[in-house]
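Undergrad: Listed here are the chains, written in short residue letters.
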Amino acid sequence: MLNNFFENIGNIVIQWMNVFVGFSRLSFETGYWIIMGPIKKKSLNMPSFFEQMVFMGIHSIVIVFFVTFFTGIVLAMQSAPQLAQMGAVFYVAGLVTVSICRELGPVLTSLVIAGKIGAAITAEIGSMKVNEQIEALDTMGINPIRYLVVPKFLALVIMLPCLTIVGDASGILGGYVIGIFNLKINSGLYVQTALKFLELKDIYTGLSKSFVFAMIIALVGAYQGLKTRGGAVGVGKATTTSVVVSFILIILADCFLTGIYFFSDY
Amino acid sequence: MSDKKIAISVENLEKTFGDRKVLDDVTLDVCKGEIFVIMGGSGSGKSTLLRMMTGAIKPDAGKIFFEDNDLSGLNAEEHEKIKRRFGMSFQSAALLDFLTVEENVSLPLKEHTKLSQKVISIIAKMKLNLVGLQGFEDYLPSMLSGGMKKRVGLARAIAMDPEVIFYDEPTAGLDPVVCAVVDKLILDLTQKLNLTSVVVTHNMESVFRIADRVAMLYQGRLLEVGTKDEIKNTSNAIVQQFIKGEIDGPISSRED
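Line order of the protein sequences matches chains U and A.
Under our numbering, read the first sequence as residues 1 to 266, first letter to last.
Under our numbering, read the second sequence as residues 267 to 522, first letter to last.
If you're looking for bench data, these hints aren't it; they were derived computationally from the structure.
Incorrect hints may appear among the rest.
[As the list claims (entries may be wrong)] Footprint (simulated), chain U over chain A, 3 or more residues, beta carbon under 8 Å: (1) 402-413; (2) 471-484; (3) 488-495.
[As the list claims (entries may be wrong)] Restricting the straight-line Cα-Cα distance to at most 25 Å, the calculated cross-link-like pairs of lysine-lysine (DSS-like) are: (4) U/K40 - A/K380; (5) U/K40 - A/K376; (6) A/K450 - U/K41; (7) U/K41 - A/K376; (8) A/K384 - U/K42; (9) A/K498 - U/K41; (10) U/K40 - A/K287.
All C-beta atoms, glycine included, are put in the ideal place defined by N, C-alpha and C.
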């Protein structure tokens, strides 16, 4: 009984160690090929890179817009009554703008993209794995990480901060629409208040967060894809795991980065 | 056989997955220019043996030599160079489904050579011609039948003019006529391009159509190696039951 208990704990530790080592190795190899690819004259898979940029970026604008725009609206509607009690409704402008740029823009955009793109990366690489295509690449002497993962990684690292800018703008627009049409705040006053509270730091910390989130989504997606086993069911499981793990890691990284950005100064 | 040069030499190979010994003390030589068939039932370890020969799986014990290179002792870069001298045809063809037929065949050339796009395209068309698939360059793999996919896979395998081609179940899931076509293709390619072929299959008709020599694996052990006539006339009851496909015999109680 006790032996079993320790054996189980040992097995779990070994499993987690394996995951950690595997993930670190993938991250290292991705970094290695980004730097060494041009040096070794192994060019980036350009068609895939541009295709991925369009798929990840352009095709995600609508969903990012909807999620953040309505979040901006909800945020303004929720905070307005409290601020009205203090006779400071126009502070809605500052509250919405700052919270969208600092936190909700990058995080919501990244969660949406983890669900949409992270899942797609895992499903694509995972089904290639179960159909022997990854092995085929390897047998041809083509490194699957260089050929498949690096273009996706770079595309997402470039496109997610861009999408975050779209998310920030739509969220702010959502707040503005409520502020002007529902709360009857003067447009000039709204913009002025928003700008008064918004610092440049809010924007670039938000964007740098999204940069880290992009790395998480791409690497977790690729890792889960590459270790997929067991046919269609395996691909389904890997895709679900990929999204769940990305969500958790994004929130953890967000907490950690917010701690660094906003508490290290004080 | 003794006067022929050895292309691949496998010595005392062992491999265990979990508690299951998949390969147990397997030793064999593949000669240059021959078609060497590895046959055996499902789970006999034949695909594992093939993947060890290509270097995709590392053995637990034993050695694999390609000419004078010990595959398990090579570093990544050396291994990659050796891999370019190999071609592999997969059971599922394993074509990249986001690339067209021509792009699939061109892929190794694009990645490993400095040839211009025009030259690569000509070579790809030539290879497709060799497998009888001219005119299908712009098709996506999803638009092809199983046999055609296999042939594209074969064209890709010979794209880099390899010295050895490994075939994993080349005729699995194909109708008898297409099977015969693929078998003829294997024979033609081996002779025309002066290749060494290692074929894993459990299709007996194929075995006796194409093989120069045959090895029979059973439960991870090498039971018998010989020419097809030697195998046909062997006194080994397991081999006899396997090639005749009989229900009764020493294999009938096997679990796989």
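Undergrad: It remains to establish, for every hint, whether it holds in the given structure.
TA: Quick rundown of the hints versus the structure:
| no. | hint | in the structure |
| --- | --- | --- |
| 1 | 402-413 | violated (count 0) |
| 2 | 471-484 | violated (count 0) |
| 3 | 488-495 | violated (count 0) |
| 4 | U/K40 - A/K380 | 13 Å, holds |
| 5 | U/K40 - A/K376 | 15 Å, holds |
| 6 | A/K450 - U/K41 | 39 Å, violated |
| 7 | U/K41 - A/K376 | 12 Å, holds |
| 8 | A/K384 - U/K42 | 20 Å, holds |
| 9 | A/K498 - U/K41 | 52 Å, violated |
| 10 | U/K40 - A/K287 | 40 Å, violated |
Hints 1, 2, 3, 6, 9, 10 from the earlier list are contradicted by this structure; the remaining hints agree with it.
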